[in-house]
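Chemist: So you can see what is in the structure, the chains are spelled out below.
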Amino acid sequence: MTKANKRIIFLIDMQSFYASIEKAANPALRDQPIVVAGDPERRSGVVLAACPIAKTYGVVTAEALWQAQQKCRRLVVVRPRMETYIHISMQITQIFESFTDKVEPYSIDEQFLDVTGSVHLFGDVYQMAAQIRQRVWLETGINCRVGIGENKVLAKMACDNFAKKQEAGVFWLKKEELEETLWKLPIEKLFGVGSRMKRHFHRMGVYQIGQLARLSPAVLTQRWGVNGEVLWRTAHGLDDSPVSLRTYDTQKGIGHHMTLPRDYHTAAEIKVVLLELCEEVARRARSKELMGSVVSVGCRGADLDAANGFGRQLKLEEQTNDATTLYEAVCCLFDRHWQGTPVRSVGVNLGQLVPDNVLQLNLFTDNHRRRSLAHAMDGIRSKYGPDAILRATSLLGAGQARERARKIGGHYK
Amino acid sequence: MIEPEESGKEQQEQEMDLIRRFILFGILFRVVMVDMDSTHQVVLKLTYDSIFQELSRWAERQHHAIRRLLRQRGCYVVRSQKQGHAYVVQYRQRGYLREAIYSIEILRAECQELIRLWVSGYQQGEKAQ
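If you're matching them up, the sequences are chains A and B in order.
Going by this note's numbering, the first sequence opens with residue -5, and the numbers climb by one from there.
Going by this note's numbering, the second sequence opens with residue 7, and the numbers climb by one from there.
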């Protein structure tokens, strides 16, 4: 019996989400190693999802398609269908909502459930987890794993570090047992520790999560500020955040990023893509009735190493959600910081957002007219598709807008 | 000895699977007849109606057999309808109203599997003769 003040949180993760959907939809693929990847016809892109059979050949998510094909000669490559994946993700949310009203999608294939108030209706915690797994399997053909904890951080680590590695697919990570379970794992298994943070910890002589947990939080705060304290709290399984759809209500920035199909060498080519990104950012800001006053630009080279590129930001004189104003600022940043190296990945972000219900009048530009024009273009795009109206530069060889119109989040619809 | 609670859980899981098969066979026997009508729209050298009819009859028999089984267990399908990209089924399970939300794409794939099963069963029967 759980204590009255303890919550029961599930983090449910779908196994090889995209690949599982493709296998369920096409029985002929069920016994074959498959990957869902960029564009099979062009033999380009990265592996978005690999099925368990493909993983036995050493194929891993996010590696280049050609590398995956070298590891497994009979690999079947399936083109992504992002719209379908989004529909199935929403269908799974609906299934979860029949178990509890507190469901928070964390990503397309992971969702948090607070089942504290409803677990008694389904037997005990394990029975409820089993019923959820059974329903998801029967209704979507996807195998899911359940991490259980008394808060979101514990549930997430229970799923990633234990449930995914066990046949049963369910693991309850209890706070009072952390010393025997979580603390024995290497430091990179802690939620929030990536490859860079791992290097920092190794330099400090911290190799296991337990070693981090035994450090004084003051040491970590001194080094990483609030993030250091968050890591210490995570190692101790402390997290008070609620399972709520309102978690992502406050938007801090609106950004778009694009990985280019080849290296772009000239400023003229790169600026075509920057303008397209500014259009997308401005359009999204307008749709959310927001405007921002800080614009940032990021560019990286072919090896996608941050050292071969730059990321800079600029404070605008006034808030905007106008693509042309945004583009002028972006060009200013780009001209100042670009070293002439080839560019493979670009991104534009608009920050410090405020509601766009006020308009700064200007003696020299007709901002009201610009805003009306932008809203008219938005109307055309929402009715006839994002490529219904394009800038002439997008028709140049460097333009990506037409190709992106066929995609969601950079992957095919 | 099986504990009563455990057997109840297993029973519930079996019933969820039966509901799914009931829905699949129900869709299959209707779809096959619709497809048969579609073949009448084109000029063919031969008629394949008997194959379609035989497949549809087989699916319908399975559908009714599963319905009988479900009734014996106190399960009834109350409502089933397409909602966007999903096929939503409400059923009553010993007094509790439950819901199943199937992906239409998956139902289509499973129906295809049932046809493959029927064809292989037919071929096995032929070999036995």
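To be clear, the hints were calculated from the coordinates, so they are not data collected in a lab.
Worth double-checking, as some hints may not be accurate.
Partial chain B-side listing against chain A, Cβ under 8 angstroms, derived [said to hold, decoys possible]:
(1) Glu66
(2) Ala92
(3) Ser109
Straight-line alpha carbon distances no greater than 25 angstroms define the calculated DMTMM-like cross-link-like pairs of lysine to aspartate or glutamate that follow [claimed, not checked]:
(4) Lys15/B x Asp7/A
(5) Lys49/A x Glu161/A
(6) Lys183/A x Asp154/A
(7) Lys0/A x Asp118/A
(8) Lys88/B x Glu312/A
(9) Lys159/A x Asp95/A
(10) Lys15/B x Glu91/A
(11) Lys178/A x Glu161/A
(12) Lys168/A x Asp154/A
(13) Lys158/A x Glu19/B
(14) Lys407/A x Glu111/B
(15) Lys192/A x Glu161/A
(16) Lys15/B x Asp41/B
(17) Lys96/A x Asp316/A
(18) Lys282/A x Asp316/A
(19) Lys0/A x Glu104/A
(20) Lys282/A x Glu161/A
(21) Lys15/B x Glu161/A
(22) Lys88/B x Glu77/A
(23) Lys96/A x Glu105/B
(24) Lys158/A x Asp243/A
(25) Lys377/A x Glu311/A
(26) Lys15/B x Asp118/A
(27) Lys401/A x Glu111/B
(28) Lys158/A x Glu16/B
(29) Lys88/B x Asp95/A
(30) Lys15/B x Asp95/A
(31) Lys407/A x Glu104/A
Where a beta carbon is used, it is the ideal one built from N, C-alpha and C, also for glycine.
Chemist: Are the hints correct? Go through all of them and say.
Modeler: How the hints compare with the structure:
1. Glu66: violated (22 angstroms)
2. Ala92: Since the shortest Cβ distance to chain A is 5 angstroms, the answer is holds.
3. Ser109: holds (5 angstroms)
4. Lys15/B x Asp7/A: Measuring from Cα to Cα gives roughly 23 angstroms; hence the hint holds.
5. Lys49/A x Glu161/A: holds (16 angstroms)
6. Lys183/A x Asp154/A: Holds, because 8 angstroms separates the two Cα atoms, which is no more than 25 angstroms.
7. Lys0/A x Asp118/A: Between lysine 0/A and aspartate 118/A the Cα gap is close to 15 angstroms, so the pair holds against 25 angstroms.
8. Lys88/B x Glu312/A: violated (50 angstroms)
9. Lys159/A x Asp95/A: With a Cα-Cα distance of about 29 angstroms, the restraint between lysine 159/A and aspartate 95/A is violated, given a limit of 25 angstroms.
10. Lys15/B x Glu91/A: Holds: lysine 15/B and glutamate 91/A sit about 20 angstroms apart, inside 25 angstroms.
11. Lys178/A x Glu161/A: holds (21 angstroms)
12. Lys168/A x Asp154/A: holds (15 angstroms)
13. Lys158/A x Glu19/B: holds (22 angstroms)
14. Lys407/A x Glu111/B: holds (16 angstroms)
15. Lys192/A x Glu161/A: violated (29 angstroms)
16. Lys15/B x Asp41/B: Not OK: lysine 15/B and aspartate 41/B at ~39 angstroms, beyond 25 angstroms, violated.
17. Lys96/A x Asp316/A: violated (38 angstroms)
18. Lys282/A x Asp316/A: holds (13 angstroms)
19. Lys0/A x Glu104/A: holds (22 angstroms)
20. Lys282/A x Glu161/A: Status violated; Cα separation ~44 angstroms.
21. Lys15/B x Glu161/A: holds (20 angstroms)
22. Lys88/B x Glu77/A: At roughly 18 angstroms apart (the allowed maximum being 25 angstroms), glutamate 77/A and lysine 88/B satisfy the hint.
23. Lys96/A x Glu105/B: Given pair lysine 96/A, glutamate 105/B holds - Cα atoms ~18 angstroms apart, limit 25 angstroms.
24. Lys158/A x Asp243/A: Roughly 30 angstroms between the alpha carbons, so the hint for lysine 158/A and aspartate 243/A is violated.
25. Lys377/A x Glu311/A: violated (33 angstroms)
26. Lys15/B x Asp118/A: holds (11 angstroms)
27. Lys401/A x Glu111/B: Given that 25 angstroms is the threshold and the Cα spacing comes to 21 angstroms, the pair holds.
28. Lys158/A x Glu16/B: holds (24 angstroms)
29. Lys88/B x Asp95/A: holds (23 angstroms)
30. Lys15/B x Asp95/A: Status holds; Cα separation ~23 angstroms.
31. Lys407/A x Glu104/A: holds (20 angstroms)
When held up to the earlier numbered hints, the structure conflicts with 1, 8, 9, 15, 16, 17, 20, 24 and 25 and fits the remainder.
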